[in-house]
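Position 65 of the sequence shown, counting from 1, maps to 67 under this note's numbering, and the rest follow consecutively.
The set of hints was computed from the structure by calculation and includes no laboratory data. One should not assume that every hint holds.
Claimed, not checked - Distance ranges between label pairs, derived from CB positions: (1) Glu326 with Cys119: 37 to 45 Å; (2) Glu229 with Leu330: 18 to 26 Å; (3) Asp103 with Glu145: 37 to 45 Å; (4) Gly82 with Gly315: 52 to 60 Å; (5) Asp100 with Ile306: 42 to 50 Å; (6) Ile142 with His218: 35 to 43 Å.
As the list claims (entries may be wrong) - Simulated crosslink set (BS3-like; lysine-lysine; CA at most 30 Å straight-line): (7) Lys309 with Lys289; (8) Lys251 with Lys309; (9) Lys140 with Lys251; (10) Lys66 with Lys140; (11) Lys289 with Lys251.
All C-beta atoms, glycine included, are put in the ideal place defined by N, C-alpha and C.
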Amino acid sequence: MTGNSSPAAMRYDTGGSDGVEGCAGDGNAGEEDGMQVAAVLGERRGGGVEKPDPRPQEEFVVVKVHSAPMCTEYTAFMNGSVTDGLGHEAAGEVVSVDRSDRVRIGDRVVVMPQYPCGHCFLCEAGDYIHCEHNRDIKSIMGESAATATMAQYLVKPDALLVPIPDGMSYDHASMACCGLGPTFGALWLMDAGPGETVLIVGLGPVGLGGVVNAVHRGCRVIGVDREPYRLELARALGADAVVTAGELKENVEQIRDLTGGRGADLAIKCTAAPGAERLAIEATRRKGQVSFIGWGGEISVNTIISKGLRLHGAWHYNLSDAPELRAL
3 MTGNSSPAAM RYDTGGSDGV EGCAGDGNAG EEDGMQVAAV LGERRGGGVE KPDPRPQEEF
63 VVVKVHSAPM CTEYTAFMNG SVTDGLGHEA AGEVVSVDRS DRVRIGDRVV VMPQYPCGHC
123 FLCEAGDYIH CEHNRDIKSI MGESAATATM AQYLVKPDAL LVPIPDGMSY DHASMACCGL
183 GPTFGALWLM DAGPGETVLI VGLGPVGLGG VVNAVHRGCR VIGVDREPYR LELARALGAD
243 AVVTAGELKE NVEQIRDLTG GRGADLAIKC TAAPGAERLA IEATRRKGQV SFIGWGGEIS
303 VNTIISKGLR LHGAWHYNLS DAPELRAL
C-alpha cells in the first residue's frame, strides 16, 4: 500500500475494448477450466489469464472476490510491466474452508493485505502489517497460492478476514483497506480530536479517505493537491479549506494564514509527490505531529528538532480497531 493508492473497484470485462483483452465472466472455484486472473499484458494492455483454482489448506481459506480496490496497479498498466499478480486488498465471500474455526462458508469478509506470520509480537498485538516474517505462500501451497486480489478467487489466512456487517455493500466494505485504513491509523496514532486542524497533503483516494476520517473525528481539515477535481472532492467530503499545491514557501504561508499564523496541529502526507514531506513538516505548528503514509522523500532532522515535532509511520491500522473503522 502507498499513499498514491487509488481504490477503485475492479470489475471483469467480457469484451476486448479499451485495452482489455478477453477477461472471463463469473466462475466457480472447483471448475476444471480454472479461474481467471487480471493481468497486464503490455503497455496499456490488460486482460485475463487462466490460473488453477485455489484450494483451502489449514487456516488458509478460499474467498470469491466481489470487489477489489485498485492501489498503484494502474502504473503497471501504463508502463507495460507484465504481471498477473495484481492487487492486495478485496471484499468477498468465503467459499471453501479446510480447518478454520474463525470463518464459515458464506461469510462476507474484507480481505486484509499481506501474509504475516501470525505469531510474532506484532501480529499478536494486531499490528500484522509490520510483521518481519511474512510467509512464502507459494512454498506452502504450491499452485493453490492464489494471492492476487484482482482475480475471481484468492486464498487468505482466516485471521485476516474481517466480517462485513449486514446491509453493507462489498464496494463500501472494501474501503476498510487502503481507502480509509491508512489515514484511520494515522489519526489514531496522533490521537486527533475535535477542534484540531489536520493538514492532508495529497488528495488522491487515500488522502480523500483522510478527509472522511478527520471530519468524522470533528477535526478542521485543510487539503492540498494540484488537481482542481480532487480539491472539489475534498470540499464535498467536508474539508474546511483547500490549497492548490505549488511553491513550498507560498503554500506554507497560505496554510499559516488559515491557522491563525501558527500552522496545522497535525499533518498527514498521503502522496509520493516530491516535496510533499517538506510541506507537511514546514506547515505543521511547533510541537505538532506529522504522519507519513505516502512513501518516498527526505526530511530535515534539524527542522524536526527545532520545532519539536513528533513523527509517525502510518502504513495501516491495528486489526483490533476494525469494528471502529466499519462504523464509518
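Hint check:
{"no.": "1", "hint": "Glu326 with Cys119: 37 to 45 Å", "result": "violated (25 Å)"}
{"no.": "2", "hint": "Glu229 with Leu330: 18 to 26 Å", "result": "holds (24 Å)"}
{"no.": "3", "hint": "Asp103 with Glu145: 37 to 45 Å", "result": "violated (26 Å)"}
{"no.": "4", "hint": "Gly82 with Gly315: 52 to 60 Å", "result": "violated (32 Å)"}
{"no.": "5", "hint": "Asp100 with Ile306: 42 to 50 Å", "result": "holds (49 Å)"}
{"no.": "6", "hint": "Ile142 with His218: 35 to 43 Å", "result": "holds (39 Å)"}
{"no.": "7", "hint": "Lys309 with Lys289", "result": "holds (6 Å)"}
{"no.": "8", "hint": "Lys251 with Lys309", "result": "holds (17 Å)"}
{"no.": "9", "hint": "Lys140 with Lys251", "result": "violated (49 Å)"}
{"no.": "10", "hint": "Lys66 with Lys140", "result": "holds (19 Å)"}
{"no.": "11", "hint": "Lys289 with Lys251", "result": "holds (20 Å)"}
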